[in-house]
Amino acid sequence: MFSSTHMTFIDGHAASVIVPRKSTVTSQPKVPITPPEKWVELYSDYLYGFAMSRLRDPEASADCVQDTFLAGIKALNRFDGSRDIKFWLRGIMRNKIVDQIRKTVKENKVDIDSEDETLLESFWFRFSGIATTNPEPWQFNPRKQYDNTEFWVVFRECIDSVKNPARQAFVLRVLEDMTTEEVCKIMDITPNYLWVLLHRARQQLKELLEEKWTGPDVM
Amino acid sequence: MLTCKQVSKVLQNEDYENLSPLRRFLLMFHIKLCAVCGKFNRQVIDSQDMCCNFKRQEESLLEKEPPMDADRKDALKKLLSEQSGDSTLHRS
Ligand SMILES: [Zn+2]
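Chain order of the listed sequences is A and B.
Residue 1 is where the first sequence starts when you use the numbering used here, and the numbers rise one by one after that.
Residue 1001 is where the second sequence starts when you use the numbering used here, and the numbers rise one by one after that.
Each hint should be verified, as a subset may be incorrect.
[Said to hold, decoys possible] Restricting the straight-line Cα-Cα distance to at most 20 Å, the calculated cross-link-like pairs of lysine to aspartate or glutamate (EDC-like) are:
no., chain 1, residue 1, chain 2, residue 2
1, A, Lys38, B, Asp1069
2, A, Lys163, A, Asp57
3, B, Lys1005, A, Glu117
4, B, Lys1073, A, Asp63
5, B, Lys1005, A, Glu121
Because the hints were derived from the structure by calculation, they are not lab data.
Generate the whole structure from the sequences, applying the supplied hints.
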């Protein structure tokens, strides 16, 4: 049964060919399912590390791992074997992390402080969408460190030190790649305030990196 | 010609790298010439670039994270074998 037209690449050239829908599905490589009894042994540290990198809270992170495994068992019959179950579980965990942040934000309502309010009412923000025309230049060139693993270890530590709620906004918008709209909904804030939080996160990250990075290229 | 506010708005909602070549050109053209938002928005783009590179490294950095508490793991193992008992029996 020829049911659909797909774009396929033959020797690097795109060609429109008719492919039976059924055969494209069955030709997908299947990854064997690891039984749930082995999940803790195989994936708990990986998932816990991932949750810690987002939540920075050991208790909440362990809860997230537990919730992920339980949700995984329930949804196991929907696992299609197209990718490693580790990454499938990580996909489930992403939702659990968002739930956790939503819960934390609900308990500690994100309130705009007077400094942020001043920034939003400032001339430069209202007319140009910026905080200042003359931001402090970087004390070193981070681009030169991109190939240096040590730099990213320090970068990761610096993200941990960014203060909430700027950090939460950064995790959702930047690390989890959510849209402005989605983040505003989760954190119950306006897009303008999200802009302030992301600006604060960037500012803090820069200051922390300048303080903590002592590797090469520091002027 | 884009206004400063439009440039800032685009960068709030999208990573510079993900924009179409035309939009990237228009944005960079503005940023390079603008004495008002140029320096600020250049730093925004640099920060986006740095975070994007960090995300590419993240998977390997996870290995350096501390492991989950051993007692918590044992409790979780127990819970999972209880929960998965039925579903695994019915599989295969
Ligand atoms: Zn401008």
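What hints, given by number in increasing order, does this structure fail?
Hint check: nothing fails, all pass.
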